[in-house]
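2 protein chains.
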Amino acid sequence: MLAMPTTEAKWSSTEENIAQSAFDAAFHRETRSMVAEAKRQAELSATPEDLWALNDFLSARRHYLDGKYDFHHESLVFVLAQLAKEGWLELSELDGLSADKIAKIRVLTLM
Amino acid sequence: MLAMPTTEAKWSSTEENIAQSAFDAAFHRETRSMVAEAKRQAELSATPEDLWALNDFLSARRHYLDGKYDFHHESLVFVLAQLAKEGWLELSELDGLSADKIAKIRVLTLM
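If you're matching them up, the sequences are chains S and X in order. Be aware that the first sequence starts at 1, since it is given in our numbering, and climbs by one per residue. Be aware that the second sequence starts at 112, since it is given in our numbering, and climbs by one per residue.
It should be emphasised that the hints constitute simulated quantities derived from the structure, not laboratory data. Beta carbons: idealized from backbone N, C-alpha and C, even for Gly. Among the hints, erroneous ones may be present.
[To be verified] Derived pair list, reagent style SDA-like, types lysine to any residue, alpha-carbon separation capped at 25 Å: (1) X:K150 to S:Q41; (2) X:K150 to S:M34; (3) X:K196 to X:A157; (4) S:K68 to X:F168; (5) X:K179 to S:W52; (6) X:K150 to S:H63; (7) S:K39 to X:F168; (8) S:K39 to X:A157; (9) X:K150 to S:W52; (10) S:K68 to X:S156; (11) X:K150 to S:T31; (12) S:K68 to X:A164.
[What the hints assert, rightly or not] Simulated coverage check for chain S against chain X, where a stretch passes if three residues somewhere in it have a Cβ under 8 Å from a Cβ of chain X: (13) 31-37; (14) 44-50; (15) 57-69.
If we strip away everything but chain S, and leave its shape as in the complex, we get:
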């Protein structure tokens, strides 16, 4: 993911709602997938070492998701592009955002 934030973007309240919904949907999909993976790991666990591996997996995901799902205007096009690139979000879910935001997000998904 790119680290440089866009600073000039303005978001209408309609755009904000669209982005928030897309964001929430992506978070739900990504964490549902994590829950399934954690259940699978737990089911296969037999030893303390297996559980410590699960513990490490959960700690890492928690930290990663905490940093990733950052709903701030400055970083939003980057986060949305990352989510689309990773498959947690369809670009069509962003219909209603301004053409320049969509264009930026689309370009970022190709990087």
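Guided by the hints, dock chain X onto chain S, whose structure is given.
Same frame as chain S, but now just chain X:
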């Protein structure tokens, strides 16, 4: 558990082997119970918050077990007494230890 270690205890190699076996058996029982509990929690998990609770549970157990299963002569009668008291160990598994060690462990389990 008492914090003050015995300093005067001498352990023969036979006693050391008996203690080590009892220690390993208790560790196996306690961690088997933890694995079952973690599997149960994972199975009931549906949300990220459920997984963070599992993450916290595993982190706490890991830290606790790390500190508890300390096989050093100075603390061994205390650890063995604690394990017996918690039900992870039968006193009969310590048959072969000197009478004074058994007596100390027995008294400690009553505290």
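Quick rundown of the hints versus the structure:
Straight-line distance between C-alpha atoms of X:K150 and S:Q41 comes to about 9 Å, which keeps the hinted pair within the 25 Å bound. Proximity of X:K150 to S:M34 is assessed by CA-CA distance (about 15 Å); at most 25 Å being required, the pair is judged to hold. Among the hinted pairs, X:K196 with X:A157 is inconsistent with the structure: their alpha-carbon atoms are about 36 Å apart, more than 25 Å. With a C-alpha separation of about 24 Å, the suggested pair S:K68 and X:F168 falls inside the 25 Å cut-off, and the hint holds.
Restraint check for X:K179 and S:W52: the C-alpha separation of about 16 Å stays at or below 25 Å, so the hint holds. Taking the CA atoms of X:K150 and S:H63, the gap is near 22 Å; set against the 25 Å cutoff, the hint holds. Between S:K39 and X:F168 the alpha-carbon distance is near 15 Å, which keeps this suggested pair within the 25 Å criterion. A hinted pair counts as satisfied when its Cα atoms are at most 25 Å apart, and S:K39 with X:A157 qualifies at roughly 10 Å.
For the hint linking X:K150 to S:W52, the alpha-carbon distance of about 13 Å falls within 25 Å, and the restraint holds. Straight-line distance between C-alpha atoms of S:K68 and X:S156 comes to about 22 Å, which keeps the hinted pair within the 25 Å bound. Taken as a hint, the X:K150 and S:T31 pair is honoured in the structure, with Cα atoms around 19 Å apart against an allowance of 25 Å. Restraint check for S:K68 and X:A164: satisfied, since their Cα atoms lie roughly 20 Å apart, inside the 25 Å limit.
Using a Cβ-Cβ cut-off of 8 Å, 3 residues of the segment 31-37 of chain S lie near chain X, which meets the minimum of three, so the contact claim holds. Under a criterion of three residues with beta carbons nearer than 8 Å to beta carbons of chain X, the stated coverage of the segment 44-50 of chain S is upheld, 5 such residues being counted. Only when three residues or more bring their CB closer than 8 Å to a CB of chain X does the claim for the segment 57-69 of chain S stand; here the count is 5, and the claim holds.
Hint 3 alone, counting from the list given before, is not met by this structure.
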